[in-house]
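Given two chains presented individually in distinct reference frames, assemble the corresponding complex, making use of the accompanying hints.
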Amino acid sequence: QKEVEQNSGPLSVPEGAIASLNCTYSDRGSQSFFWYRQYSGKSPELIMFIYSNGDKEDGRFTAQLNKASQYVSLLIRDSQPSDSATYLCAVGLTGNQFYFGTGTSLTVIP
Amino acid sequence: GAGVSQSPSNKVTEKGKDVELRCDPISGHTALYWYRQSLGQGLEFLIYFQGNSAPDKSGLPSDRFSAERTGGSVSTLTIQRTQQEDSAVYLCASSRSGINTDTQYFGPGTRLTVL
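Residue numbers (our numbering), protein chains in the order written: chain A, 1200 to 1309; chain B, 231 to 345.
Simulated from the structure, these hints should not be mistaken for lab results. We treat Cβ as the ideally placed atom computed from N, Cα and C, and that holds for glycine. A hint or two may mislead.
[Claimed, not checked] Derived BS3-like pairs: lysine-lysine, alpha-carbon spacing no greater than 30 Å straight-line: (1) A:1255 - A:1266; (2) B:287 - B:247; (3) A:1241 - B:245; (4) B:241 - A:1241; (5) B:287 - B:241; (6) B:245 - B:287; (7) B:287 - A:1266; (8) A:1241 - B:287; (9) A:1241 - B:247; (10) A:1255 - A:1241.
[Claimed, not checked] Stretch by stretch, here's where chain B covers chain A in the computed footprint (C-beta under 8 Å, at least three residues): (11) 1241-1251; (12) 1283-1292.
Here chain B stands alone, though its shape is the one from the complex (with noise of 0.2 Å):
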């Protein structure tokens, strides 16, 4: 595709459930990004890919949320036991190269709703 997709648009789960996000970056991009956008918040950096190495995972909010990536393209954002306070936008974006001066490129995201 032209862009990077994720999927679910939209996601409703049960306090406790584990979920699973998906993102499909533009093709050639070698780098991948988590974030998550709380109502009316900035955007928070969860995790980047390089290939298929998570060189930074600072920004992962607790051991229950993990990221993979394989083949150098699909990423998989997985939140088990999810909790209300999960609930927000998860966006994706993709860079060509994943140098800090590149232009990340974003999907349309995936609102995630914990009941």
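Chain A with its partners taken away, still in its complex shape (with noise of 0.2 Å):
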């Protein structure tokens, strides 16, 4: 079982649309969560992070998380065909270790 799991996609909304991107995590001990935006080609960029249960909101972007269910999703809100790019999901463990998902490919459509 990968420690972090996310659906590959490819994930398409129209403009202007909710995006919701869901990931989970295998580790109970994980103590924080961060999506990261990676253009194609490019590093990844970090949108979010949360630490705690519930949701955090910055702009057009909310993170959620539930630490029960082992859960974290990112919400885009009126989607812009500049979001498109893949999602990553990272985790951090105890010890400083970090482990990323595979990614959610997005595709905004004009």
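Right, dumping it as structure tokens:
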């Protein structure tokens, strides 16, 4: 079982819609959760991080964490074509180990 | 510099040769990470440094891979006797303090092609 699982997609949404990206993790000791965006041929860049159960909002982005279900999600409201990228979920464990999922490819259709 | 830098940006080598990849982290960042990303895959953790020490080397794929960091700054990832399966983008990241709640900032990567 992989430490971090993501649906590889591709996920397509029309411009202006809500894109929902999901991630599950296996280690209950996971302490920190990150969403990175990676454009084709570029390096990952941080979108959001979340440490506590519940929702965290930043502009058009909302991260949701449910530790009981070992589930973290990213919602993108009012999706724009510029949001088209691969979204990587990352989990930080004790001992400073980080595990990344394989990413979900998102396409926002104008 | 303002961000993490890596060199070379591209490296083409022949099977069996040794290669060195360099990472220059953000100034003042104590933690440094190396990852490998194969085509269409996620990031595979290789190794991380806290200062000059590498507490966790468990991600290194084989004993052909080694890394060092000197002066708490620049790090070098060395791959000996390269194989075709080593072809990938090697990404370096740094973070301020190295605790697992820190944001990692990634460099542009080195694309390694082993012929």
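Hints, one by one, checked against the model:
{"no.": "1", "hint": "A:1255 - A:1266", "verdict": "holds (14 Å)"}
{"no.": "2", "hint": "B:287 - B:247", "verdict": "holds (23 Å)"}
{"no.": "3", "hint": "A:1241 - B:245", "verdict": "holds (26 Å)"}
{"no.": "4", "hint": "B:241 - A:1241", "verdict": "holds (17 Å)"}
{"no.": "5", "hint": "B:287 - B:241", "verdict": "holds (24 Å)"}
{"no.": "6", "hint": "B:245 - B:287", "verdict": "holds (24 Å)"}
{"no.": "7", "hint": "B:287 - A:1266", "verdict": "holds (28 Å)"}
{"no.": "8", "hint": "A:1241 - B:287", "verdict": "holds (26 Å)"}
{"no.": "9", "hint": "A:1241 - B:247", "verdict": "holds (27 Å)"}
{"no.": "10", "hint": "A:1255 - A:1241", "verdict": "holds (26 Å)"}
{"no.": "11", "hint": "1241-1251", "verdict": "holds (count 7)"}
{"no.": "12", "hint": "1283-1292", "verdict": "holds (count 4)"}
Going through the hint list in order, the structure satisfies each hint without exception.
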